[in-house]
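Please construct the entire structure, taking both the sequences and the accompanying hints into account.
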Amino acid sequence: MVSKALEGVKVLELCQFVAGPYCTKLLADLGAEVIKIEEPRLGDTTRRRGPFLWDIPHAERSGLFLYLNTNKLGITLNLNKVTGKEVFRRLVRDVDILLEDNSPRRMRELGLDYDCLREINPHLIMTSITPFGQTGSYREYKAYPLNTFHAGGEPHIQQFDSATPDRAPVAGSIFMGEHDGGLSAATATLAALFYRGVTGQGQHVDVSKQESLIALSRLENMFYANREKEETREMATAAAQGAGMIGGLMRCQDGYVVLAAMQDNQWQGLVELMGHPTWTEDEMCRSEGTRSMNAQKIVSLVQEWMINQNREEVFRSGQEKGVPIGVVNSPQDLVNSPQLRARGFFVAIEHPEAGKIEYAAAAYRFSKTPWSVQRPAPLLGEHNERIYCGLLGYSKQELVRLRQAGVI
Amino acid sequence: MSESLKGIRVADFSWAWAGPYATMLLALLGAEVIKIESQARLDHVRMRALGFGLFRGADRSPFFNDLNLNKLGITLNLSQPEGVELAKRVVAVSDVVVQNMRPGVMDRLGLGYKALSKVKPDIIYLSSSACGTTGPERGYVGYAPTFGALGGAIYLNGYPDAPPQMTMGSIDLRSAATAAFAILAGLCWRQRTGQGQHIDLSSQETITALVQDAIMDYTMNKRIQTRRGNRDDIMAPHNCYRCSDGKWITIAVATEEEWQAFCQAIGAPGWTGDERFCDAYQRRKNQEELDERVQEWTMTHTACEVMKLLQDAGVAAVPSLGGEGLYNDPHLRERECFQEVEHPVMGKRVVVAPHWKFSYTPASISRHAPLLGEHNEYVFSELLGMSIEEIEDLVQRGVIY
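Respectively, the protein sequence lines represent chains A and B.
If you use this note's numbering, the first sequence corresponds to residues 1 to 408, in order.
If you use this note's numbering, the second sequence corresponds to residues 1001 to 1401, in order.
There could be a bad hint or two in this list.
As the list claims (entries may be wrong) - Listed next, with one range per pair, are the computed distances between beta-carbon atoms: (1) B:E1296 with A:D115: 41 to 51 Å; (2) A:E140 with B:E1382: 43 to 53 Å; (3) B:G1139 with A:P165: 29 to 39 Å.
As the list claims (entries may be wrong) - Quick list of in silico lysine to any residue cross-link-like pairs, SDA-like style, CA-CA up to 25 Å: (4) A:K142 with B:H1301; (5) A:K297 with A:C252; (6) A:K85 with A:S395; (7) A:K85 with A:V400; (8) B:K1088 with A:S367; (9) B:K1222 with A:G344; (10) B:K1348 with B:R1367; (11) A:K142 with B:Q1282; (12) A:K321 with A:P277; (13) A:K368 with B:G1194; (14) A:K321 with B:L1042; (15) A:K321 with B:A1040; (16) A:K229 with B:A1016; (17) B:K1120 with B:E1032; (18) A:K321 with B:L1109; (19) B:K1348 with B:E1032.
Hint data in this document are derived by calculation from the structure and do not stem from the laboratory.
Even glycine gets a Cβ: it sits at the ideal position worked out from N, Cα and C.
And the structure:
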């Protein structure tokens, strides 16, 4: 009985930082066997990036690394050495999927691009995840999370509804866009795996983080391109005339909530929640259409009421009346959320260097193949012996020589 | 040319944004997605767009089009028992069911996982909801803006000295992207075992999964991270700067090597040798002054020039792009990031092309979003083998409606 969704799927990871490792984490957490390759001595850059346990920098105690690498096996390998490349090719021979995030030029220079690797393993699915993709003028351009996120359009869109419209657009939670790229790559990789399951055919999948982000704001990003079209013009006119959402970010006594009361029943719930103030009987509140056209006025009246409310109370009693309303949760709120707790969203994992810490699980609950933790993130080179001796058949003596030669 | 999910059929009971985009991703990958809707209960995206008023007709919503490309559409009134029976017949010939009604609604209609797994034992059935189908908040309702708040994205978005910045529709599409991934994992498992299963997805959690660096800082150090604009904990320069053409450019410098390259590229003005900027620690500490100097320089060039100059020197610099910048970007043109789709009512519209490039099974857009009931004939007659009279009768009685 195969009890994990991706049990038996073998993945090789040649990635650093957030996007690539998040992609393979998603696969590893569902049962794939992921071998993560790291540079000898230094390891993945996230090992040097916080948050660190107790704020003490330590390669085995970076929260970001620990989270992004659960359930993986970790080996070290130096691809700048001829022997390192040879070992890499042997590893590629045995896997179903290779996930890599190097620049296209670097992979070509190493002789490890798709055209070379498919000679070794014709069924290989190779997914490349880079800021701008494998082709086009910017393919070699460098981008950190800040740059990629801004390249996707979302910060610009948020400017329309910003408390700080004169300041630069902002990048949001710093690594969110990287996670988005990783998720996009994981989805494409599974689609290719499914196809391979039917036909045996491998392929190369080119994932651009920028395009993955553009797709997430696909509606707003395309306003400009369609600006001459009738429907888009109508939307722009309505927006210019003040049409808006009944809701948005609202200040409470003790924090913020977000409200989005569109439909009649939701509006009625809100009216009830506010205790039927007389202004809600005005003409402007009559229908969804009139409310939308008078959104600014209505929203400011709702805000006047909201400022005196307790955010938790208004959230609970609003939801009881069917009003779409959400508390602006901080990281602390989330860790203590009764809902997330009840769903077992946080799982304690024991790690030899970091001890027992709570990690987030996944947003999906499979009824037959549950998400599970088999092992914490690997220590640097933890599984060298297991992979090199156990899988590739090197002797322990050879392992020593490989280490001394700086290959692993 | 083949498609990754050729032969997979999806019975799509979803509406709004989060559900439909999940099934659209499957449709871009080649699955045949049948959207089941009804005039008795229209997908509200056909009628309205948050913040933009109402559309003039059910087939005139650009938002609906962009979230339902490649799908087929049928109309079935699920408040009638016969409508439910027909829906089950569609499920019987499908591989995947997706729904995002409030938890419990599909069960009450007789279309929950238990009921449908009797009709099709190996069905992969995904339920997407605001907070999941279990827990004290399971019945809560929401849209993208409220998921963004509940999931933790909004708290961390914006400037430290200003209120949090709202996030909008992209949050729904993130939930959808997670759903599509989960469905594919289910399909890969079914391919090997022949078994179906239920997947319970919480939109709130899909967002929380993306802000884990902040969560880990709390679970490890009890520190509550907050908004930081465009700044970074370690890197400086690391910000979004105004350029001479009024556009914005992001610049991020991570290493000493990149800092040196940056100084050279901007012509090594005197201030770059200043002690306040001599190492990464000092640069981060004096980032206010540093950012002012950097912006003085970016203001003497267009965003495009800054990008070219710095990227050629190996420094990460990318404009903050809006719709116009994206649409006219030469790189995205080369990558064919956008394409035109002909819609029978709205005419030609530009949409974002599939965002993955497969060497063997390219994802593609083959058709506009379905008009209301556009594929009733294909599904009921061809797929389910019903007679014209039978269909006509059901239309008359408001079942196919």
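How the hints compare with the structure:
Checked against the hint of 41 to 51 Å, the C-beta distance between E1296 (chain B) and D115 (chain A) comes to roughly 46 Å, which is consistent with it. For E140 (chain A) and E1382 (chain B), the Cβ-Cβ distance of about 50 Å falls inside the hinted range of 43 to 53 Å, so the restraint holds. Separated by about 37 Å at the C-beta atoms, G1139 (chain B) and P165 (chain A) satisfy the suggested range of 29 to 39 Å. A C-alpha spacing of about 20 Å is found between K142 (chain A) and H1301 (chain B), which places the hinted pair at or below 25 Å, so the restraint holds.
Straight-line distance between C-alpha atoms of K297 (chain A) and C252 (chain A) comes to about 18 Å, which keeps the hinted pair within the 25 Å bound. For a cut-off of 25 Å, the pair hint linking K85 (chain A) to S395 (chain A) stands: about 19 Å separates their Cα positions. Under the criterion of a C-alpha separation no larger than 25 Å, the hint pairing K85 (chain A) with V400 (chain A) is consistent with the structure, at around 18 Å. For the suggested pair K1088 (chain B) and S367 (chain A), the alpha carbons sit about 21 Å apart, so the restraint of at most 25 Å is met.
At roughly 20 Å between alpha-carbon atoms, K1222 (chain B) and G344 (chain A) fall within 25 Å of each other, so this suggested pair holds. A distance of roughly 12 Å separates the Cα atoms of K1348 (chain B) and R1367 (chain B); the hinted pair therefore holds under the 25 Å criterion. Among the hinted pairs, K142 (chain A) with Q1282 (chain B) is consistent with the structure: their alpha-carbon atoms are about 24 Å apart, no more than 25 Å. The hinted pair formed by K321 (chain A) and P277 (chain A) meets the criterion: a straight-line CA distance of about 16 Å does not exceed 25 Å.
With a C-alpha separation of about 12 Å, the suggested pairing of K368 (chain A) with G1194 (chain B) holds against the 25 Å cut-off. For the hint linking K321 (chain A) to L1042 (chain B), the alpha-carbon distance of about 22 Å falls within 25 Å, and the restraint holds. In summary, the hint linking K321 (chain A) to A1040 (chain B) is supported, as the alpha carbons are separated by about 23 Å, within the 25 Å threshold. This hinted pair checks out: K229 (chain A) and A1016 (chain B) have alpha carbons roughly 23 Å apart, not beyond 25 Å.
Between K1120 (chain B) and E1032 (chain B), the direct Cα distance comes to roughly 17 Å. Compliance with the 25 Å bound is thereby established for this hinted pair. Annotation: proposed proximity of K321 (chain A) to L1109 (chain B) holds, straight-line Cα distance about 22 Å (limit 25 Å). About 23 Å separates the Cα atoms of K1348 (chain B) and E1032 (chain B), which keeps this hinted pair within 25 Å; it holds.
Comparing the model with each numbered hint stated earlier shows that all of them hold.
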